[in-house]
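From just these sequences and the hints, can you work out the full model?
Letter by letter, the chains look like this.
2 protein chains.
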Amino acid sequence: MSKKIGSGTYVMSSPVKITCFDAVVGQKEHDGPLGKYFNNWSDDEYFGQDSFEKAETYIQKEAINRVIEKSGFSAKDIDFVFAGDLLNQCAGSNFCVRDIAVQFFGLYGACSTMAEAMILASMVIDGGFAERSIALTSSHFCSAERQFRFPLEYGAQRPPAAQWTVTGAGCVLLERETDKPSVSIEKVTPGAVVDMSVSDLANMGAAMAPAAALTLKRYFDDTVTSPADYDLIVTGDLGLVGSDLLRELLLRDNISLGSNYNDCGVMIYDTAVQDVHSGGSGCGCSASVLCGYILPEMLKKTYRNVLFVTTGALMSPTSSLQGESIPGIAHLVNLKVQAE
Amino acid sequence: MSKKIGSGTYVMSSPVKITCFDAVVGQKEHDGPLGKYFNNWSDDEYFGQDSFEKAETYIQKEAINRVIEKSGFSAKDIDFVFAGDLLNQCAGSNFCVRDIAVQFFGLYGACSTMAEAMILASMVIDGGFAERSIALTSSHFCSAERQFRFPLEYGAQRPPAAQWTVTGAGCVLLERETDKPSVSIEKVTPGAVVDMSVSDLANMGAAMAPAAALTLKRYFDDTVTSPADYDLIVTGDLGLVGSDLLRELLLRDNISLGSNYNDCGVMIYDTAVQDVHSGGSGCGCSASVLCGYILPEMLKKTYRNVLFVTTGALMSPTSSLQGESIPGIAHLVNLKVQAE
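Protein sequence lines correspond, in order, to chains H and P.
If you count the first sequence from 1, position 149 lands on 149 in my numbering, and the numbers rise without skipping.
If you count the second sequence from 1, position 28 lands on 28 in my numbering, and the numbers rise without skipping.
Where hints are given, some of them may not hold.
[Unchecked claim] Ranges of calculated distance between the beta carbons of each label pair, as one might list FRET restraints:
no.	chain 1	residue 1	chain 2	residue 2	range
1	H	149	P	151	53 to 61 Å
2	P	49	H	252	31 to 39 Å
3	P	49	H	180	48 to 56 Å
[As the list claims (entries may be wrong)] Straight-line alpha carbon distances no greater than 27 Å define the calculated DSSO-like cross-link-like pairs of lysine-lysine that follow:
no.	chain 1	residue 1	chain 2	residue 2
4	P	3	H	76
5	H	4	P	3
6	H	180	H	3
7	H	4	P	76
8	P	4	H	4
9	P	3	H	3
10	H	217	H	70
11	H	3	H	36
12	P	301	H	180
13	P	217	P	4
14	H	76	P	4
15	H	3	P	76
16	H	217	P	3
17	H	4	P	70
18	H	36	H	301
19	P	301	P	36
20	H	4	P	180
21	P	4	H	3
[Said to hold, decoys possible] Only some residues are given here: those of chain H computed to face chain P with a beta carbon under 10 Å:
no.	residue
22	107
23	113
24	257
25	261
26	314
27	322
These are computed hints drawn from the structure, not numbers from a lab.
Cβ coordinates follow ideal geometry from the N, Cα and C atoms, glycine included.
Below you can see the structure in the form of structure tokens.
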């Protein structure tokens, strides 16, 4: 009866289908290389709200409402929402779902939340507990800066390895049975926490890369596949520094990531001209790249077999002030489109 | 194939078993009416660590290590850990699990986290994804006070409806198959977020009671049972004020909670003499009462059929400063012991 293969990869008894998805982003994300893929954006960082935190709730609501509307279902047809974000007490998600009377599981996985939500949503569907579930997450540059770093008004300088929190939300609807065009989730590898004693808050890519390496190595070993078997292997938000480190770490295990490897934090901005240093980060980074770019391109068959690996840095400002290092985690979802 | 009954209660295809559990608490909890049931406690609020936050991680570690040791398994036999706490970025749990290389799902459900974790752990076991999983949570009076309210040194006065955050951690091991003495999880009702516009941070019982009422009513309707069918119906931490309100709200739906109803926040302290005003709160409140008192008493057959309903107040200090009300949630787990 177990759906586990190898040391920790799980195979659905029948593929769970992603049938609807949407992303909402800010101006800077729309100005980036993926801008033409983002149909919903605003040049107002407040998105018409009166605080950055309310703006973050607003973009989550926009994303989930658009997905529900596109799906042809109503909220009462959704069994569960799995959501989380970076705000203290996951306030973005909690205030988003209070207007939608759906049974709710709040998650905290830092920037790994999107794949964490998709893994749990898939498992409860495949386990017979739900017909359809939603995975949802967000981040907002301004709410993250003042919570994790400095008030924007300080104009603090950013070191080269620092990343730029993406203003964006992404939402996917997962279903058991469907005739609609869809992307399938067949295999997932939930992450374990890895702490290699990196403590530089301005280099979270380095803190998360070992977790990404562990999850990817576990997945390749469990499935007896190699990077060359996939059209696209994309990490959540390791940025330029963390991505290089991931390649290096995997090479030690004789796993070579080729040109099919990329990172959502590198893809979403033009790092050379948008002054984002090492690239994008935040739960909304991988979520908006997934929902704005990867899933639509999979439906067009640009990519047929994708590894989507979101990475989270699990420290808190308090733990760092108390001298702790940064634990990392990486959750992996294998996405596929059927051959014709 | 669906395991859903009624509007949102889920029935396991075969009962998931709780085989091991443990609680770790502080001095004040040991001084309370349940003191004799708590075998692991310390009169040092730092538990030998150098900060309150590290103390919270320490009690989680103590709880999980004791459970794993008692179980006869080692960490590598555990498929998943589901854990969360009240610290910003759930730092208590993240730092706890970094030393245990188990695949991890971080949760945020405020004081509802224990039942949330047990529901998800049960679903992934019953869905065929795990043989055994752990649900774990904690809270600490001192870390919660300074994060959510005032530094202890201020000596702030507490209004009568305020609750006292429990210093405690609780951990349960859930398994698919076992011959060991165990408590079964047969039915669960995950909560939806309810916000009735209560905004008084010193009266969170009132903010959470409507969510508890919704989940209990849904459960009784879905299962066609009534409060009299259970030996014990216990809410997470509504305290004295919230418990009275819950009785009143359910009466409006002609559901009468009798003397078999109690609240973990009321049970854990002697509210008349321990200066805790409305009673206990915090993720560790319901978790330690469950693992220290309820589960051991169920194995002794003092209680055979229990509704364990944890309640969470999903605001953040920032959302409250911005004028928001307090969204609430309540997750329900039906616990049973087999007849002889």
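Quick rundown of the hints versus the structure:
1. Distance hint check: the CB atoms of residue 149 of chain H and residue 151 of chain P are about 23 Å apart, inconsistent with the given range 53 to 61 Å.
2. Distance hint check for residue 49 of chain P and residue 252 of chain H: the Cβ-Cβ separation is about 35 Å, which falls inside the suggested range of 31 to 39 Å.
3. Between residue 49 of chain P and residue 180 of chain H the C-beta distance comes to about 53 Å, which sits within the given range of 48 to 56 Å.
4. A threshold of 27 Å between alpha carbons decides the hint, and for residue 3 of chain P with residue 76 of chain H the separation of about 17 Å falls inside it, so the pair holds.
5. Distance check on the hinted pair: residue 4 of chain H and residue 3 of chain P sit about 22 Å apart at the alpha-carbon level, within 27 Å; holds.
6. With a C-alpha separation of about 26 Å, the suggested pairing of residue 180 of chain H with residue 3 of chain H holds against the 27 Å cut-off.
7. Only pairs whose Cα atoms come within 27 Å are accepted, and residue 4 of chain H paired with residue 76 of chain P is accepted, the gap being roughly 14 Å.
8. Distance hint between residue 4 of chain P and residue 4 of chain H is fulfilled; the C-alpha atoms sit about 24 Å from each other, no more than 27 Å.
9. Restraint check for residue 3 of chain P and residue 3 of chain H: the C-alpha separation of about 18 Å stays at or below 27 Å, so the hint holds.
10. Note on residue 217 of chain H and residue 70 of chain H: the hinted pairing is violated, with a Cα-Cα distance of about 37 Å set against a maximum of 27 Å.
11. As the CA atoms of residue 3 of chain H and residue 36 of chain H are separated by approximately 39 Å, the hinted pair breaks the 27 Å bound.
12. Pair hint residue 301 of chain P plus residue 180 of chain H does not hold up; C-alpha atoms about 51 Å apart against a cutoff of 27 Å.
13. For a cut-off of 27 Å, the pair hint linking residue 217 of chain P to residue 4 of chain P stands: about 16 Å separates their Cα positions.
14. Of the pairs offered as hints, the one joining residue 76 of chain H and residue 4 of chain P holds, with about 14 Å between alpha carbons and a cut-off of 27 Å not exceeded.
15. Only pairs whose Cα atoms come within 27 Å are accepted, and residue 3 of chain H paired with residue 76 of chain P is accepted, the gap being roughly 17 Å.
16. Straight-line distance between C-alpha atoms of residue 217 of chain H and residue 3 of chain P comes to about 35 Å, which puts the hinted pair past the 27 Å bound.
17. Pair hint residue 4 of chain H plus residue 70 of chain P holds up; C-alpha atoms about 25 Å apart against a cutoff of 27 Å.
18. Taking the CA atoms of residue 36 of chain H and residue 301 of chain H, the gap is about 18 Å. The hint holds against a cut of 27 Å.
19. Taking the CA atoms of residue 301 of chain P and residue 36 of chain P, the gap is about 18 Å. The hint holds against a cut of 27 Å.
20. Distance restraint check for residue 4 of chain H and residue 180 of chain P: the Cα-Cα separation of roughly 24 Å lies within the 27 Å cut-off, and the hinted pair is therefore satisfied.
21. A hinted pair counts as satisfied when its Cα atoms are at most 27 Å apart, and residue 4 of chain P with residue 3 of chain H qualifies at roughly 22 Å.
22. The restraint placing residue 107 of chain H at the interface with chain P holds, with a minimum CB-CB distance near 6 Å, inside the 10 Å limit.
23. Taking 10 Å as the C-beta cut-off, the interface hint given for residue 113 of chain H holds, the closest approach to chain P being about 8 Å.
24. Because the closest C-beta pair between residue 257 of chain H and chain P is about 22 Å apart, greater than 10 Å, the hint is violated.
25. Interface hint at residue 261 of chain H: violated, since its Cβ lies 23 Å from the closest Cβ of chain P, which is beyond the 10 Å cut-off.
26. The beta carbon of residue 314 of chain H is positioned within 10 Å of a beta carbon in chain P (closest approach about 4 Å), and the interface hint is therefore held.
27. With its C-beta approaching chain P no nearer than about 5 Å, residue 322 of chain H sits inside the 10 Å limit, and its interface hint holds.
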